[in-house]
Every structure is written in structure tokens, then in C-alpha cells.
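A.B. asks: Chains as they are written, first to last, in UniProt numbering: chain V, 1 to 276; chain C, 1 to 276.
It is possible that part of the hints are untrue.
For lysine to aspartate or glutamate, the following DMTMM-like pairs were computed, each having C-alpha atoms within a straight-line distance of at most 25 Å [said to hold, decoys possible]:
(1) Lys48(V) x Asp65(C)
(2) Lys83(C) x Glu60(V)
(3) Lys126(V) x Asp22(V)
(4) Lys83(V) x Glu70(C)
(5) Lys233(V) x Asp274(V)
(6) Lys195(V) x Glu60(V)
(7) Lys183(V) x Asp65(C)
(8) Lys33(C) x Glu70(V)
(9) Lys183(C) x Asp12(V)
(10) Lys83(C) x Asp22(V)
(11) Lys123(V) x Asp274(V)
(12) Lys48(C) x Asp65(V)
(13) Lys183(V) x Glu86(C)
(14) Lys33(V) x Asp12(V)
(15) Lys33(V) x Glu60(C)
(16) Lys123(V) x Asp65(C)
(17) Lys83(C) x Glu86(V)
(18) Lys83(V) x Asp267(C)
Okay, the calculated beta carbon distance ranges per label pair [said to hold, decoys possible]:
(19) Asn67(C) x Gln118(V): 47 to 53 Å
(20) Asn67(C) x Gly121(V): 41 to 47 Å
(21) Met1(C) x His162(V): 56 to 62 Å
(22) Asn67(C) x Ala44(V): 21 to 27 Å
Here are a few chain C residues that sit away from chain V, every Cβ distance over 12 Å (derived from the structure) [claimed, not checked]:
(23) Val9
(24) Leu25
(25) Arg39
(26) Gly63
(27) Gly64
(28) Leu73
(29) Glu86
(30) Tyr114
(31) Lys126
(32) Thr148
(33) Ile193
(34) Lys195
(35) Gly218
(36) Gly260
(37) Arg276
Simulated from the structure, these hints should not be mistaken for lab results. The beta carbon of each residue, even a glycine, is placed where N, CA and C say it ideally should be.
Letter by letter, the chains look like this.
2 protein chains.
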Amino acid sequence: MGKIACANVLSDLYAMGVANCDNMLMIVGIPFKMTDLERDVVVAQMMKGFRDEAAAGGTEVTGGDTNFSEWCLVGGTATAVVKSEEVVLPYNAEVGDVLVLTKPLGTQNATFAYQWYQEGGEKWEKLSSVITAEEVQYAYFMAVQSMTRLNRTGASLMRRHHAHGATDITGFGLLGHANNLAKHQKQPVSFIINKLPIMCGMAAVERAINNRFMLLSGRGIETSGGLLIAMPKEESSQFCRSIKEIDGVEAWIIGHVVEGDRTASLDQDIEIIDVR
Amino acid sequence: MGKIACANVLSDLYAMGVANCDNMLMIVGIPFKMTDLERDVVVAQMMKGFRDEAAAGGTEVTGGDTNFSEWCLVGGTATAVVKSEEVVLPYNAEVGDVLVLTKPLGTQNATFAYQWYQEGGEKWEKLSSVITAEEVQYAYFMAVQSMTRLNRTGASLMRRHHAHGATDITGFGLLGHANNLAKHQKQPVSFIINKLPIMCGMAAVERAINNRFMLLSGRGIETSGGLLIAMPKEESSQFCRSIKEIDGVEAWIIGHVVEGDRTASLDQDIEIIDVR
């Protein structure tokens, strides 16, 4: 949880192509209801995870705030001071650019499916006709790996490959963030998304629960999701290859930039990629 | 509430003598239980208060995070990038320095006393033998004024008057923060506090509730409290006069720096100043 929160906080810098964070603050809320033992173990581990992830990102937590809370909370802020030419400004997408996504979708489905599998009740019974226990475990593992993975490699590479704008995918889902990015473009362009890379089996899970999480309409909530980047088409293949070489994971060309009214939409013939 | 939170956040910069904040982020938690109307009015007002206070501090809120929460929450972070010579480093206190405090103590007593007065029950009956309704209202007014007042004037002036170190007084009370500041001194010094400036009638309230908030032992929790500053004695009178001229409020010389083992303590003959 600490690692995921830290990756999520740093992601805001990475979405601007800023790969080096100067300073982090950590905010922790400790539940009243925790016993002393739980607090000493769980909160300490959570804070360690946050600090470890910061270290993995080449930065350090120098302060913050800890308080009691109804819920267990962890979050923070990341700060970097950079020259303006070191920032990828988010509003320069051009007609002919492609859209690249650096993490698969479906963190919400994967975490809920795993929870239902563990509980073993009625919900899991419903899912077990479309997905095996092994697939759920694998998807959950993939989701945790994905959520804790920093977008730092993407941040460095997108500067090198002359990206024209980027955002990170979190609470508003792919389409929500794509729309927000489109809205701020200088050129009158729109984003068309024609592929949805979705974690192992989670498209089937989504159908089995009647599209409850809106994953297939591009609205699924992601936690610490990937970067969505508009970049020149001729740079994109090498970008994806480099991500694969450095981080060992796929990145996908999921759409393109056309003339338009600064909106984002899914193509009618959307292709679902089952990511294994 | 928004104004107080913002003043409290900025105070961390001001305690370093940094009077100009480059950027603020605001964090808001909206209670599930709020109705739409309450949310539209209360949360909007709270956020406006935070933004207005930031503007009063010559800075701006450029982002942050809003989420649902069990509690109504507001907080944030303040960032400034400055040259090292623009910072008052907190560890240069010298024997012979005096300690200056820029806000009176007793915010916790004032807010609780006012609440008890409004409720009018048994607790207020107990208090009404030591304090009048008018005094409680006045102390509450003074507390709100004090909590929303920025420590910015103190920040500018303490640089001009060659302060040797400072902290702001919040959750650990005067003595807690004084101890923390003392602990980090380069020289083997200690802080002796011989005056406690306390808001109108709140010392009497504290005695009436059997020292429940530890105000008279220097441990009372403060919200958005003042700066505690170690500075050369010959600078201190002019410093206090300038605070009075600019902000229209008192600052007090409440103690001095002696040879010691990097601790802070209250003088045995502590003087209570009843601030009106």
C-alpha cells in the first residue's frame, strides 16, 4: 500500500517528463481502531514501503504529517525544481500523433476479483464460470506489480522521444484522463482510442459483472496507472521497445490523434488486448 | 477552517524565515454523510477560505487532491525554492539570546470553552464561575483571529533581525516544539521559558478544568500557533515593536537561552500574561 501510494504520487511528476524528484512528503492516517501491535506492524510496513519506493525513484522522504484517522491513509507530495526545457508540456499533440499507454488497465477488477475469490461466496461462484483461480491470482499479482511500478522509465523515454503531451491514468479512468488531456490541447485535435490492453481475464470478469466498473467503456478507475502519451508515430515503436527492454513490460499504441474538437472517444471497433 | 489550515501549512515555511511561497497544493476530504447542499455550501466555503488565505500570503493554490472521507478534512503543502542565504537555519541559538513568541497560547481552551458555552450544559456551569460569557466570546474571537493570521510578518522580520533559529507552535504545544528546537542546536544550550502569554481568561478556564489541556505546563495543543524565535537580545525589542506596527498584535519575550544540554523547560516562577 505504501509503495503503490508513493508510485502514484511520483506519477504526477513523471507525467510531465520529470524523472528526478527532489523531495517527498508523506502523509499517514492511523486508524483509531488499530491495536498497538497492528499499528506497530502495519503502519511501520506501510511507511517503509513508501520510503523504499521513494528510494527506488532516486528520491527521499524528508517530512510530512502523521495523524489519527477513521481510515488507514497514506499519500504525499512530490516536488522537483527543473528548467522549463526539461518539462514535457502537456498541450502540444498534433494530428498524426499516436497514443501510447504504458500500463495495462483493470487494477480495480483485479483487486475486487481477488477479494471475491478469497471470500469464496456467491460473487466468486459467478466469476468462476469465466475465469480460473490461477488466472485471478495471476491478475492480482500483475496488478500489484503494475501499481508499484514507477512511471519513471516512461518519463525519461518520453522526453527522449519528443512526446507532445502526457497524463497519468488514475481515478477518472483512461477515457476521463484522455478527455482532460484532449481538452487542453493547443491544436484543434481529438483522441481516438482503438485498443484497450486489459489485465489477464479482467475483460471477461467485467462482462460477468455486467460492466459494473465501466472497464470496457474506458471508464474503469485505475490506481497508480500508466502514462498516456501523445507522440510522433515514427518515435512510438522504439519507445515501446525501450520500455520493454528497461522495465521488462509491454507498452501499447492504443490510438491516434485526429482533427477534432478536443475530446477523446473509443473507436466503435475497439480491440481488447488480453495482457498475460 | 480553510483559512486556519492554510495559515498552518504556510507556517512551516515561515518558521524558516521564508516569507514567499511559490506554490500550494490543497487536500480536501468530503464526508460521505454530507448532503449535497451541505457539500455545496460547506466544502466550497472551506476551499474558498484556503484559497483566499493563500492569496493573502501572496501565493496560489495550483492543484491538490479531493476525495471522500469519513471526516471533513482540509490541509495541504507549501513549496518555495530559495537561495540558502534566504533561509533562517534553525540551529544557531546562542547563550544570551532571548526567546520571542508571536501569538498567544490557548487556542484549544478557547475553542472548547466556546463550544461548552454554546451547549450551555454542566461544563459551562463549571466555567461560568471563573469567566463571563463575554470573555469566552472574546477569547474565541481572538483565537480565530490568531489562527487565521499568517506568520508571514514574523518570517520577514526574523530574517531582518538576525534570528538564530525558530519553529512554529502547533500540535506538540509550546514546550514540545521548544524542546525539539533545543535538541537540534549546534551549541550546548538550553531554553528557559519564564512567561506564558495566554488568551483572555483561558488560564482561569484551564485551572477550572483541572489542567486537562496542560496549557499551564506549556503542553497545550495549539492550532496554527505563533513562531518561537531565538534571537539576539538587542534585536528583540525592535522585533516586537515591528510586529505590533505591522500586524497590530503583541509579540512577547518569553524566555532566554542559557548554557545547557539542549532541552527546554519552564522557569519555576513562570508568569502568566492574560492577553486582552
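A.B. asks: Would you mind marking each hint as holding or not holding in the structure?
C.D. replies: Status of the hints after comparison with the structure:
Between Lys48(V) and Asp65(C), the direct Cα distance comes to roughly 23 Å. Compliance with the 25 Å bound is thereby established for this hinted pair. About 21 Å separates the Cα atoms of Lys83(C) and Glu60(V), which keeps this hinted pair within 25 Å; it holds. Distance hint between Lys126(V) and Asp22(V) is unfulfilled; the C-alpha atoms sit about 48 Å from each other, more than 25 Å. At roughly 40 Å between alpha-carbon atoms, Lys83(V) and Glu70(C) are farther apart than 25 Å, so this suggested pair is violated.
For a cut-off of 25 Å, the pair hint linking Lys233(V) to Asp274(V) stands: about 23 Å separates their Cα positions. Proposed proximity of Lys195(V) and Glu60(V) is contradicted: the alpha carbons are some 37 Å apart, above 25 Å. A distance of roughly 20 Å separates the Cα atoms of Lys183(V) and Asp65(C); the hinted pair therefore holds under the 25 Å criterion. Restraint check for Lys33(C) and Glu70(V): satisfied, since their Cα atoms lie roughly 14 Å apart, inside the 25 Å limit.
Taken as a hint, the Lys183(C) and Asp12(V) pair is broken in the structure, with Cα atoms around 36 Å apart against an allowance of 25 Å. Taken as a hint, the Lys83(C) and Asp22(V) pair is honoured in the structure, with Cα atoms around 15 Å apart against an allowance of 25 Å. Distance restraint check for Lys123(V) and Asp274(V): the Cα-Cα separation of roughly 22 Å lies within the 25 Å cut-off, and the hinted pair is therefore satisfied. For a cut-off of 25 Å, the pair hint linking Lys48(C) to Asp65(V) stands: about 23 Å separates their Cα positions.
Between Lys183(V) and Glu86(C), the direct Cα distance comes to roughly 40 Å. Violation of the 25 Å bound is thereby established for this hinted pair. For the proposed pair Lys33(V) and Asp12(V), the alpha carbon gap of about 32 Å is over 25 Å, so the pair is violated. Among the hinted pairs, Lys33(V) with Glu60(C) is inconsistent with the structure: their alpha-carbon atoms are about 37 Å apart, more than 25 Å. For a cut-off of 25 Å, the pair hint linking Lys123(V) to Asp65(C) is broken: about 32 Å separates their Cα positions.
A C-alpha spacing of about 21 Å is found between Lys83(C) and Glu86(V), which places the hinted pair at or below 25 Å, so the restraint holds. The hinted pair formed by Lys83(V) and Asp267(C) fails the criterion: a straight-line CA distance of about 51 Å is larger than 25 Å. As the Cβ distance of Asn67(C) to Gln118(V) is approximately 26 Å, the hint placing it in 47 to 53 Å is violated. For Asn67(C) and Gly121(V), the Cβ-Cβ distance of about 29 Å falls outside the hinted range of 41 to 47 Å, so the restraint is violated.
With their beta carbons about 46 Å apart, Met1(C) and His162(V) fall outside the hinted range of 56 to 62 Å. At roughly 24 Å, the beta carbons of Asn67(C) and Ala44(V) sit within the given window of 21 to 27 Å. At roughly 10 Å from the closest C-beta of chain V, the C-beta of Val9(C) falls inside 12 Å, breaking its exclusion from the interface. In this structure Leu25(C) is not separated from chain V by more than 12 Å, as the shortest Cβ-Cβ distance comes to only about 6 Å.
Against the 12 Å criterion, Arg39(C) stays outside the reach of chain V, whose nearest CB is about 18 Å from its own CB. Some Cβ of chain V comes within 12 Å of the Cβ of Gly63(C); the nearest lies about 8 Å off, and the non-interface call is violated. With a least beta-carbon separation of about 9 Å from chain V, Gly64(C) fails to lie farther than 12 Å from that chain, contradicting its non-interface assignment. Under the 12 Å C-beta cut-off, the non-interface status given to Leu73(C) relative to chain V is violated; the minimum distance is some 9 Å.
Separation of Glu86(C) from chain V is adequate, the least Cβ-Cβ distance of about 14 Å exceeding the 12 Å criterion. Distance to chain V confirms Tyr114(C) as a non-interface residue, since its nearest Cβ pair spans about 23 Å, more than 12 Å. The claim that Lys126(C) lies off the interface holds: its Cβ sits roughly 28 Å from the closest Cβ of chain V, which is beyond the 12 Å cut-off. No beta-carbon of chain V comes within 12 Å of the beta-carbon of Thr148(C); the shortest separation is about 20 Å.
For Ile193(C), the non-interface assignment is confirmed: its Cβ lies about 26 Å from the closest Cβ of chain V, beyond the 12 Å cut-off. Every beta carbon of chain V lies more than 12 Å from that of Lys195(C), the smallest distance being close to 30 Å; the non-interface claim holds. Every CB of chain V lies more than 12 Å from the CB of Gly218(C), the least distance being 22 Å, so the non-interface label holds. With a least beta-carbon separation of about 27 Å from chain V, Gly260(C) lies farther than 12 Å from that chain, consistent with its non-interface assignment.
With 12 Å as the threshold on Cβ separation, the claim that Arg276(C) sits away from chain V holds: the shortest Cβ distance comes to roughly 33 Å.
In summary, the structure is inconsistent with hints 3, 4, 6, 9, 13, 14, 15, 16, 18, 19, 20, 21, 23, 24, 26, 27 and 28 from the numbered list given earlier, while agreeing with the others.
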